[in-house]
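Letter by letter, the sequence shown follows residues 2 to 168 of the working numbering.
There's no promise every hint is true.
So the derived label-pair ranges between C-beta atoms look like this [stated by the list, open to error]:
| # | residue 1 | residue 2 | range |
| --- | --- | --- | --- |
| 1 | 56 | 83 | 20 to 26 Å |
| 2 | 105 | 162 | 21 to 27 Å |
| 3 | 6 | 62 | 46 to 52 Å |
| 4 | 128 | 5 | 31 to 37 Å |
| 5 | 162 | 130 | 22 to 28 Å |
| 6 | 156 | 97 | 38 to 44 Å |
| 7 | 160 | 60 | 19 to 25 Å |
In short, the hints are calculated from the structure, not lab data.
The beta carbon of each residue, even a glycine, is placed where N, CA and C say it ideally should be.
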Amino acid sequence: MTYGRRQFIQTGLAGGLLLSFSGWLNAAGPRRFSAAEREMLGAVVNAMLDGVLPAQGGQRQPLLAQTVDGMAKAVAGLSAASQQEIGELFGLLVIAPARRVLAGVSTPWREASVAEVGEFLQSWRFSRLSLLQSAYGALHDLTYGAWYGRPEAWQAISYPGPPRGYF
(Lines of atoms letter the chains of each structure in order from A and count residues from 1; the text may use other names and numbers.)
(Lines give C-alpha, C1' and ligand atoms only; values in the text may rest on other atoms or scores of the structure.)
Protein backbone atom coordinates (compact mmCIF):
# COMPACT_ATOMS: atom_id res chain seq x y z
CA MET A 1 0.00 0.00 0.00
CA THR A 2 1.44 3.34 -1.05
CA TYR A 3 0.65 6.50 0.87
CA GLY A 4 0.43 9.84 -0.86
CA ARG A 5 1.78 13.09 0.50
CA ARG A 6 -1.68 14.27 1.53
CA GLN A 7 -2.41 11.10 3.54
CA PHE A 8 1.04 11.30 5.16
CA ILE A 9 0.37 14.90 6.26
CA GLN A 10 -3.11 14.04 7.54
CA THR A 11 -1.76 11.10 9.52
CA GLY A 12 0.99 13.29 10.99
CA LEU A 13 -1.52 15.94 12.02
CA ALA A 14 -3.82 13.37 13.60
CA GLY A 15 -0.88 11.86 15.51
CA GLY A 16 0.20 15.30 16.67
CA LEU A 17 -3.29 16.05 17.94
CA LEU A 18 -3.40 12.76 19.83
CA LEU A 19 -0.01 13.48 21.43
CA SER A 20 -1.11 17.00 22.37
CA PHE A 21 -4.31 15.67 23.89
CA SER A 22 -2.50 13.01 25.93
CA GLY A 23 0.06 15.60 27.07
CA TRP A 24 -2.75 17.89 28.16
CA LEU A 25 -4.33 15.04 30.12
CA ASN A 26 -1.05 14.38 31.92
CA ALA A 27 0.20 17.95 32.46
CA ALA A 28 -0.52 17.93 36.19
CA GLY A 29 2.87 16.40 37.07
CA PRO A 30 3.20 13.68 39.72
CA ARG A 31 -0.07 11.84 40.16
CA ARG A 32 -1.61 8.46 40.78
CA PHE A 33 -2.47 6.20 37.90
CA SER A 34 -6.03 6.63 36.69
CA ALA A 35 -8.40 3.67 36.66
CA ALA A 36 -7.97 3.42 32.87
CA GLU A 37 -4.17 3.41 33.20
CA ARG A 38 -4.34 0.73 35.91
CA GLU A 39 -6.53 -1.39 33.60
CA MET A 40 -4.08 -1.00 30.73
CA LEU A 41 -1.08 -1.76 32.93
CA GLY A 42 -2.88 -4.75 34.43
CA ALA A 43 -3.32 -6.16 30.92
CA VAL A 44 0.35 -5.49 30.10
CA VAL A 45 1.58 -7.09 33.34
CA ASN A 46 -0.76 -10.04 32.81
CA ALA A 47 0.78 -10.67 29.37
CA MET A 48 4.41 -10.01 30.29
CA LEU A 49 4.33 -12.18 33.40
CA ASP A 50 2.03 -14.88 32.01
CA GLY A 51 4.45 -17.74 32.62
CA VAL A 52 5.46 -16.44 36.04
CA LEU A 53 2.07 -15.64 37.55
CA PRO A 54 -0.13 -18.38 39.00
CA ALA A 55 -2.84 -19.70 36.67
CA GLN A 56 -6.04 -17.69 36.48
CA GLY A 57 -7.57 -17.64 39.89
CA GLY A 58 -7.74 -15.87 43.19
CA GLN A 59 -3.97 -15.47 43.52
CA ARG A 60 -3.35 -13.84 40.13
CA GLN A 61 -5.40 -10.64 40.52
CA PRO A 62 -3.80 -9.49 43.81
CA LEU A 63 -0.34 -10.05 42.30
CA LEU A 64 -1.29 -8.01 39.24
CA ALA A 65 -2.52 -5.19 41.49
CA GLN A 66 0.67 -5.31 43.61
CA THR A 67 2.81 -5.12 40.48
CA VAL A 68 0.86 -2.14 39.13
CA ASP A 69 1.27 -0.48 42.56
CA GLY A 70 5.02 -1.11 42.30
CA MET A 71 5.02 0.49 38.86
CA ALA A 72 3.29 3.55 40.30
CA LYS A 73 5.98 3.83 42.99
CA ALA A 74 8.72 3.51 40.37
CA VAL A 75 7.17 6.20 38.17
CA ALA A 76 6.74 8.51 41.17
CA GLY A 77 10.49 8.29 41.77
CA LEU A 78 11.40 9.41 38.25
CA SER A 79 12.19 12.94 37.13
CA ALA A 80 9.30 15.20 36.16
CA ALA A 81 10.28 14.96 32.49
CA SER A 82 10.32 11.14 32.58
CA GLN A 83 6.99 11.10 34.40
CA GLN A 84 5.54 13.31 31.71
CA GLU A 85 6.82 11.05 28.91
CA ILE A 86 5.42 7.96 30.60
CA GLY A 87 2.17 9.80 31.23
CA GLU A 88 1.94 10.62 27.53
CA LEU A 89 2.54 6.98 26.60
CA PHE A 90 -0.10 5.78 29.07
CA GLY A 91 -2.47 8.55 27.95
CA LEU A 92 -2.24 7.36 24.36
CA LEU A 93 -2.73 3.72 25.23
CA VAL A 94 -5.91 4.34 27.22
CA ILE A 95 -7.62 6.32 24.45
CA ALA A 96 -9.64 3.78 22.44
CA PRO A 97 -8.74 5.01 18.92
CA ALA A 98 -5.04 5.23 19.80
CA ARG A 99 -5.17 1.79 21.45
CA ARG A 100 -6.59 0.35 18.24
CA VAL A 101 -4.14 2.11 15.92
CA LEU A 102 -0.94 2.00 17.97
CA ALA A 103 -1.37 -1.27 19.83
CA GLY A 104 -3.72 -3.15 17.51
CA VAL A 105 -5.89 -4.07 20.49
CA SER A 106 -9.52 -3.68 19.44
CA THR A 107 -11.17 -4.63 22.74
CA PRO A 108 -10.97 -2.63 25.97
CA TRP A 109 -7.92 -3.53 28.06
CA ARG A 110 -9.98 -5.36 30.70
CA GLU A 111 -11.35 -7.66 27.97
CA ALA A 112 -8.14 -8.13 25.98
CA SER A 113 -6.69 -11.63 25.99
CA VAL A 114 -3.13 -12.39 27.05
CA ALA A 115 -2.39 -13.43 23.45
CA GLU A 116 -3.73 -10.17 22.01
CA VAL A 117 -1.72 -8.03 24.43
CA GLY A 118 1.33 -10.24 23.91
CA GLU A 119 1.10 -9.68 20.14
CA PHE A 120 0.95 -5.91 20.69
CA LEU A 121 3.99 -6.03 22.98
CA GLN A 122 6.00 -8.15 20.55
CA SER A 123 5.09 -5.87 17.65
CA TRP A 124 6.49 -2.90 19.61
CA ARG A 125 9.51 -4.87 20.81
CA PHE A 126 10.57 -5.74 17.26
CA SER A 127 9.26 -2.60 15.55
CA ARG A 128 11.41 -0.79 13.02
CA LEU A 129 10.52 2.44 14.84
CA SER A 130 12.88 3.15 17.71
CA LEU A 131 10.15 5.13 19.47
CA LEU A 132 7.97 2.03 19.76
CA GLN A 133 10.96 -0.06 20.85
CA SER A 134 11.67 2.53 23.57
CA ALA A 135 8.03 2.47 24.68
CA TYR A 136 8.18 -1.32 24.88
CA GLY A 137 11.40 -1.05 26.88
CA ALA A 138 9.73 1.30 29.35
CA LEU A 139 6.77 -1.05 29.82
CA HIS A 140 9.13 -4.03 30.16
CA ASP A 141 11.44 -2.38 32.67
CA LEU A 142 8.59 -1.01 34.78
CA THR A 143 6.86 -4.40 34.81
CA TYR A 144 9.85 -6.52 35.70
CA GLY A 145 11.28 -3.93 38.07
CA ALA A 146 8.00 -3.84 39.99
CA TRP A 147 7.67 -7.63 39.96
CA TYR A 148 11.21 -8.44 41.09
CA GLY A 149 11.27 -5.47 43.44
CA ARG A 150 9.02 -7.53 45.72
CA PRO A 151 10.97 -9.70 48.20
CA GLU A 152 8.50 -12.57 47.61
CA ALA A 153 9.74 -12.86 44.01
CA TRP A 154 13.44 -13.09 44.86
CA GLN A 155 13.46 -16.82 45.56
CA ALA A 156 12.43 -17.57 41.97
CA ILE A 157 15.68 -16.00 40.72
CA SER A 158 17.85 -17.20 43.64
CA TYR A 159 18.47 -13.66 44.85
CA PRO A 160 19.26 -13.69 48.56
CA GLY A 161 18.36 -10.04 49.01
CA PRO A 162 20.47 -6.94 49.53
CA PRO A 163 23.60 -7.16 51.66
CA ARG A 164 22.97 -6.66 55.36
CA GLY A 165 25.11 -5.12 58.03
CA TYR A 166 27.15 -2.85 55.77
CA PHE A 167 25.19 0.30 56.40
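Going down the list of hints, with the structure as the test:
1. 56 / 83: 20 to 26 Å: 35 Å, violated
2. 105 / 162: 21 to 27 Å: The hint (21 to 27 Å, Cβ to Cβ) is violated, given that residue 105 and residue 162 are roughly 40 Å apart.
3. 6 / 62: 46 to 52 Å: Given a distance of about 49 Å, which is inside 46 to 52 Å, the answer is holds.
4. 128 / 5: 31 to 37 Å: At 23 Å between Cβs, range violated.
5. 162 / 130: 22 to 28 Å: 39 Å, violated
6. 156 / 97: 38 to 44 Å: 40 Å, holds
7. 160 / 60: 19 to 25 Å: Holds, since residue 160 and residue 60 (Cβ atoms, about 21 Å apart) stay within the stated range.
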